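Chemist: Put the two chains together into one complex; each comes in its own frame, and the hints tell you how they fit.
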Amino acid sequence: MLTGNGMIRLEKRPQPSKKWTSITPFLAVLATMFVGGIMFWALGQDPIEAIRIIFWDPLFNPQFASYARPQILVKAGPLVLIALGLSLGFRANIWNIGAEGQYIIGAICGAGVGLAFYPSEGWFIFPLMVIAGALGGFLWAMIPAILKIKFNTNEILVSLMLVYVAEKILVSVSLGLMRNPEGGGFPGSRNLQYYKAASNPELISGTGMHWGVLVAIALTCLTYIMLTKHILGFQIKISGQSNKAARFSGTNPSIITAICLGVSGALAGLAGLFEVSGPSGQISIDFNVGYGFTAIIVAFLGRLNPFGILLAGLLMALTYIGGELAQFMLGLPAAAIQAFQGMLLFFLLAGDILTNYRPKFTYKKRL
Amino acid sequence: MDFSSLSPVALLASLMVAATPIMLAAIGELVVEKSGVLNLGVEGMMIVGAVCGFITAVETGSAWFGLLGAALGGILISSIFAFLTQILLANQVASGLALTLFGLGVSAMIGNGYTGIKPPGFNTVHIPLLSDLPFIGPAILSHDPIVYIGILLVILVWYFLNKTKNGLVLRAVGENHDAAHALGYKVIWIRFSAILFGGMCAGLGGAYLSLVRVPQWTEGMTAGAGWIALAIVVFASWKPYRLILGAYLFGGVTIMQLNLQALGVEIGIAYLSMAPYLVTIIVLVMISSNHLRSSANAPGSLGRIFHASQ
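Quick mapping for you: the protein sequence lines, in order, are chains F and H.
My numbering numbers the first residue of the first sequence as 1 and each following residue consecutively.
My numbering numbers the first residue of the second sequence as 1 and each following residue consecutively.
Chain H extracted, bound-state conformation (with noise of 0.2 Å):
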């Protein structure tokens, strides 16, 4: 076996774009989860966007368009959530299992027909000088524009919740829907408006998945990449720069099963492929195991239905 085909720069620029995806769904979930609410969905969620973005970059032509289509059918197929679980008050548990249940099937009907076609994608960012270092020039700084934006987007939610007034509520709220709704905030709106935020980002996550990552339109094609941006949040204990290491965590692992799959290792395609989830699993074992540390940080109201008795 020769490991020296694999190159530094090629791995550590690839595994950019593998986290890219599932951090942005984990950033919109970490927001959804910071107001108290629990949306089980992302899966599905992600699979619509995957759905729509492709659809819409196809038909338009432009992988710009794409996003757009991406973040407003996360937008939509969230509303169902959060139409169900504040204002119809249902359990949020089973309301997310049947949003990843209902996306996964109206994904596959509405892409049906859009199998095997290559979709637009965007050009690379290039800085000058800056792009052309060696190095980190190929490596870091000459990636698709979506790739910034996602970190950008970590950035802002990190400013947003412990910078801003807005954010400050938003907390509250999921610290503490009675005491937040004593105070006269509109818990049942602050969330309503966070859901579709986790929305509309899962949807630009499975945008990047179907427009750059693969790029190409198959059933199920998410693969429990939105799960896997559930765990990454409670990996990153609810704090946005950890997101950041979770996510860049699981595409070094994606990256190296891929890699060594194509190498050729003794081990079996079959297992190499399990990695991603089963380091998964070892993450959430050892983040939890460590309860003081997992719990500190956990909204106070996380999954709790607010009904305003008065």
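Bound-form chain F, shown alone (with noise of 0.2 Å):
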């Protein structure tokens, strides 16, 4: 295919190719439900079927949409503000793969503020939570940005690890710090839900829409707007395109990385408090639930643009209340899903073949 007399060669375009950056996410969506259905199949079950009860049935099955609709929005606001953040440092080749660890600090240090007023009500509550949810995500994913920018220090790894040091501290406050102390020794933290000052309810009923959600849409015009206008956006895209046209242009690496990895911090951070205050309501141990290692596969097939992100996110809810309810219809277990959305992102690299070398058919006469 590469080399010697092959039919098709690949010719590197100059500029990857903006017809393609676009249609390869559904070319990839459409591969997945394929290859998909055939491992449901594989499964026992009745491909067809089980494509339509994830993809159709949240959205349009009188029985299930009025529960699954509003979840699309509660499953989609922390992937979307997550991935929002990852693209930034994505753009840049800086790798934030920690965000489920800012995510979980956002999330503890945001509770930790409310439960610190607990139960005092004041309207300054709930906005000192989300100052405190997005300083703690920023901070935890600070540290992976100094030791890359003073020791040089792999920022992939060091993110990582730190996710599982942020899964023990959680589990620790869950069993001590902050258990509800009239919980009857459970483990957990109180209810926020039923904490007025500190709660994140939904906004208008039956639609799933709460402050979190808000945030994601606004995030996403903002970012946007960044990307486009601003000169901090052209300074990501041309860090991650050429470090030496990076420092002629006057961008300072390290401010780079520390924007990224700190702005991707505060969002997951976001995220976590938003979630915590909101549709989870509680600090456990199983209180994340992977939405920082799914928002990676959300910016990528968001292309790592804004309103592709908005989509992917949207899309990436849908396949998770849609995996919900097959297990639930079909049995079928619930990290088939897991597996449906890393095959997703397998389609997508795949295709971008497409969007970065043009196929060039020849025939070559063997002499």
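These are calculated hints, taken from the structure and not from any lab test.
Since the structure is predicted, the reported quantities are computational estimates derived from the model, not experimental observations.
Quick reminder that beta carbons are idealized off the backbone N, C-alpha and C, glycines included.
Hints may be right or wrong, so weigh each one.
Footprint (simulated), chain F over chain H, 3 or more residues, beta carbon under 8 Å [as the list claims (entries may be wrong)]:
hint	segment
1	88 to 97
2	103 to 115
3	137 to 143
4	213 to 224
5	272 to 278
List time: in silico SDA-like cross-link candidates among lysine to any residue, alpha-carbon distance up to 25 Å [said to hold, decoys possible]:
hint	chain 1	residue 1	chain 2	residue 2
6	F	237	H	93
7	F	168	H	91
8	F	237	H	91
9	F	168	H	298
10	F	150	H	298
Modeler: Here you go:
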């Protein structure tokens, strides 16, 4: 294929093709449905029914839609928030893959502030929690950032290791520091849903819309403006393309590293805070469900473009709900949907060959 | 607290067991990186190896067949990465992450229904006279065979990379793929084979976890071992013999914290169990801060895509 007398040769495009950049995500989804269908068939299921349950029923089945539709925003909110932050770094070749940890720490810090005020009421409590959540995620992400800037330590490994550390902290505080004193000894904090000043309620009943979803939508627009209109967007993009070009343009790589990791940490922390004060309600041992990792897929599927990420987040949320539904209806294992999401990323990356290269069909005569 | 219950013999013995899965996965990744490819999917390949090895061992009743199944599983899943990055020229970082996410999902899926079973084990090696020596015998010379296979594999890799022509070619490909290509070496296929070797080793490492170290199958049981293996390759500055040192260091930290937990040290279990991850970070910082030493041995083309423009 690449050498010799091959029929297809690949020619590198000078610029990634805009057309294929937007087409490949859709192709990847189709390919995933197809191969996923085969996978479900191998598990002894009717593939068409399984795909319908995952992608169609949560939206349109009269029996489930009323429950499932609001859940899509609930799940898409944190995915989009985290993926927006990650996409900045991914553009600049700075790989924060520890968003799961920043999400946990953000939730712990935010909930900690809320619980500290319990049971007093006041309008300022929730805003303080939001600040604490963002700050917690920010500081947790600054650990890999500072180590990278000061010591050139690989941020991929450090941020990932810190996920495990954050999970241990989560277990520790759910059992100790933040345990509900009136919880009968069960692990887990007080439920913030029942503490009005600290809760992040559903804003319009039946939609799943909460403050986190609004913030995600607002930040999607802000990120888009920043990337297209602000010098910082230019500097982030150029850092990813060429280190030298970045330096000539006056970009300080340390500052870009700090901004990319810091912002993605803050956004992951925010996502954690909105989750713990809203849909989840409490700090508990199994509070984190992998949004930080799935957001990596969301960022790529959205092609690192803010509005693309918004769409990708909604789609990925749909597969979560659909996966739960399939679990309930067909008894599919919970992990099947995770494999399904991983497969989606494979197809997307595979499709990128069309974005970056132009296939040339040639006939070479053998001598 | 009574530290006298800690026997140095038992500590050393369990240290070697704890180090083996990481060492196996790391030596595979070392070869992959030496060929110029960064495969961040070690965690995913390990967990697939763990589940494939476990299922094969349970179904056939033989731990050795389990290892074979794990090796095949590791090769199979790494071939996805190889195909994506070498044939379809996809981004290696993203493909590696995808491999880990996919591996975690797919392993949980196929391992569904195998939790709570005890797998068949390996017999421990007994070398006449040597295994009966005081201290050294029980601590070092009476393990299951895989512990020694792991060390042997590291030595073989060292020999291959440094003493054979093919090893030299592999390193050349990793150092400068354009030059190696100009000399007529098949960059893509050399890398492809290296990736499959890495997958096999990671698979074996995973199977060692599920068949010997734990021994059980649970979802996500690798718990970062694959990532620690990646860190150890950096720690070892891509030198096989330092990799043994690195793996034993981490094995030691793991065993110490487990033993301290068992002794009921006041620090609290949650904080003790962070130790392996924190030590990994500290070691990474120490190695990377010494810039000359850390980068001198890094393969020149690591992580770069090779596309023969002609």
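Chemist: Hints numbered earlier in the text: which of these fail when held up against the supplied structure?
Modeler: 3, 7, 9
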